[in-house]
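J.: Residue numbers (the working numbering), protein chains in the order written: chain E, 20 to 392; chain P, 20 to 392.
Rather than coming from a laboratory, the hints here were simulated on the basis of the structure. Among the clues, some could well be false.
Calculated cross-link-like contacts (lysine to aspartate or glutamate; reagent style EDC-like; alpha-carbon spacing at most 16 Å) [to be verified]:
hint, chain 1, residue 1, chain 2, residue 2
1, E, 110, E, 129
2, P, 161, P, 183
3, E, 195, E, 98
4, E, 176, E, 144
5, P, 391, P, 337
6, E, 356, P, 45
7, E, 269, E, 193
8, P, 341, E, 45
9, E, 21, P, 340
10, P, 269, P, 197
11, E, 341, P, 307
12, E, 195, E, 268
13, P, 21, E, 68
14, P, 21, E, 268
15, E, 190, E, 177
16, E, 21, P, 83
17, E, 195, E, 307
18, P, 356, E, 268
19, E, 389, E, 340
20, E, 190, E, 241
21, P, 22, P, 307
22, P, 21, P, 83
23, P, 238, P, 271
24, E, 161, E, 277
To spell it out: a stretch of chain E is covered by chain P in this simulated footprint if at least three of its residues, at any positions, have a beta carbon under 8 Å from a beta carbon of chain P; those stretches are [claimed, not checked]:
hint, region
25, 37-46
26, 51-64
27, 277-289
28, 321-328
29, 350-364
On a predicted model such as this, the values are computed, not experimentally measured, just so you know. For every residue, glycine included, the Cβ atom is placed at its ideal position computed from N, Cα and C.
Number of protein chains: 2
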Amino acid sequence: MKKIGILGGGQLGRMLLQAAANYPAETHVMELDPECPSADLCRHFTCGDIKDFDAVMRFGSNLDVITIEIEHVNTDALEALEASGVTVIPKPSSLRILQDKILQKQFYRDHEIPSSDFVITSAKEDLILNRDFLPAVHKLAKGGYDGRGVQIIKTEKDIQNGFDAPSILEKAVDIKMEISIIIGINEHGDYRIFPTVEMIFDPVLNLVSYQISPARISKEMEQVAQAMALTTVRALGSPGIFAVECFVDKNDNVLVNEIAPRVHNSGHQTIESCYSSQFDMLWRILLDLPLGNTDLISPAGMVNIVGESEHSGPVTYEGIDKVLDMRNTFLHIYGKKETRPGRKMGHVSLLADDINTISDQCVEIRNILKAKT
Amino acid sequence: MKKIGILGGGQLGRMLLQAAANYPAETHVMELDPECPSADLCRHFTCGDIKDFDAVMRFGSNLDVITIEIEHVNTDALEALEASGVTVIPKPSSLRILQDKILQKQFYRDHEIPSSDFVITSAKEDLILNRDFLPAVHKLAKGGYDGRGVQIIKTEKDIQNGFDAPSILEKAVDIKMEISIIIGINEHGDYRIFPTVEMIFDPVLNLVSYQISPARISKEMEQVAQAMALTTVRALGSPGIFAVECFVDKNDNVLVNEIAPRVHNSGHQTIESCYSSQFDMLWRILLDLPLGNTDLISPAGMVNIVGESEHSGPVTYEGIDKVLDMRNTFLHIYGKKETRPGRKMGHVSLLADDINTISDQCVEIRNILKAKT
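Excised from the complex, chain E in its bound form (with noise of 0.2 Å):
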């Protein structure tokens, strides 16, 4: 039986160890903190830094595959691993250009991958120098991370909020829509691609609101938008689980926003809306079995439970019952034990046949459900 282990314990790694109770595999878990989510449901759990060389050197050095959940991880570490024959999903290399935002957006251009204008900043002075190119946003190269590390800089007045460290500056793009496209590719380059997804944005969290599944555009651009990010994940070389995050312009254009090299909440519905969800698919991936179908089974709508803003301690849930007395509505909390303001807390999917319908019950169970103190 192979082991399995991967860096993060958060809700991404609970789900995926859902999953992998399904097959034949070992599974080992590093995080710091002994109480994440992901704690109870692996057969190992090691205390450790992923962050920290010496600490993912000594969690890995005993696996067959290693994955991630979060990009935060030490790569240095996942590079030595890799050249000592230890199996690495994403590749350590795909990993490199994708926790750096300079470096993805370099790659974007080097690849002609549609993508917003951008300039490379090292200081706030460079925000002054580059005052025409506003709008636009500022983001933090590194560390950045659900709305973190991301500033607005509408005029030259937003400029005090911007960023004292290697940053990229991007050009507003005037948003019609936020798409993900999520896809699941294996070493041998056989590749899913999982249903378009709609995200529909809190605009004060900068969080998911809700989303839906299958997004409401054209055929056409669903099928630029899924090219554009199956040239993007295989110019990236490297197998696993990849969510392409793309902005749709006013103009119908579609562009590149970010990648994420792991399951990602933009695909957490696919655990009831396709045959094989991105944690299972990511199962198949990591243990070289053949992928599985990403057929939607109904359309689908998916909300983040997040705490509620001026609840901090341990949290209640409210609403529950009525959520789940809603048809083919699906409770997925995380166990985490206290709330914060924004925290993600859980999640709810549902089925329905109508998008409008998904769309309209996403925003009622929003409403009704919390987590509180």
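Knowing the structure of chain E, use the given hints to seat chain P on it.
T.: Relative to the frame of chain E, chain P by itself:
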């Protein structure tokens, strides 16, 4: 967060725990074997004997709710726990009836539930007194499981194989088909009926060879069977998941064979074929949440992966690649380290539009996929 305990740590517990991770529940498992399929997937594992009064009392006294994944547990302890305020699902009173085949048959008779004729025997000699009743099936009142504790007594010659302990002798039924109806029912009396399952048996092992759902029976027969199953479950007067296994005889009479007061082998395919699986449904019942949707997403089949004869020891699997290369096949390996002849090591579910295609594919999978040493 409610503390929920499961007595038994086999594959049914494992699949329950996969589903549990979606809900706000702290999971506890007790089982003698620390290497059992459930050990890695629960919050708290207790190594203990589920047949031992003191062990069950110690395990259960700290829980909010306790359930089972096998009937052979200490019911006295469950009764004491129930009296002390722990919610026990299924109720010990229903367990008492179903743990004992004599009480079970008398229960059917008392409630006018169609079932095969029977006589009660206490020793082998009783079979000679009842030779006019042959051909019949001799079943141990207590302790039978997965084909153990059952002997077919066709003629007087077979009487030597009978049991020298309290048993029932059931009149042989001229079986046309075996079906199973799984019902989930909560403490308020709300219930859901899963699509009827048709089981195809291996005559040698007396284990299910494969099963398909929906069963190939008329709408009328399905209604009769469902109504009878519901009457039976209601008469038991307990919340829980109940698998009602029935014979259809050559005259199209539907007779209850036996009832399992728990998630059951005949419901494995509900993970993929129904919106809410039997495992998901039990958590909704345990946590007193609204029941799920048992509508069929697609006709389905299920093949148990049982240990090859003449193979005992550390397991290896043959044919997983080929099986997963078939469209919409789903692997479930139970994580048992050692295989033994006839031991349930895993199962494969499959979805397809046509029930005869499913039947053919089940036979094919059975020939391809092997659990060997």
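J.: Among all the numbered hints in the text so far, which are the ones the structure does not match?
T.: 1, 3, 8, 13, 14, 16, 17, 18, 20, 27 and 28
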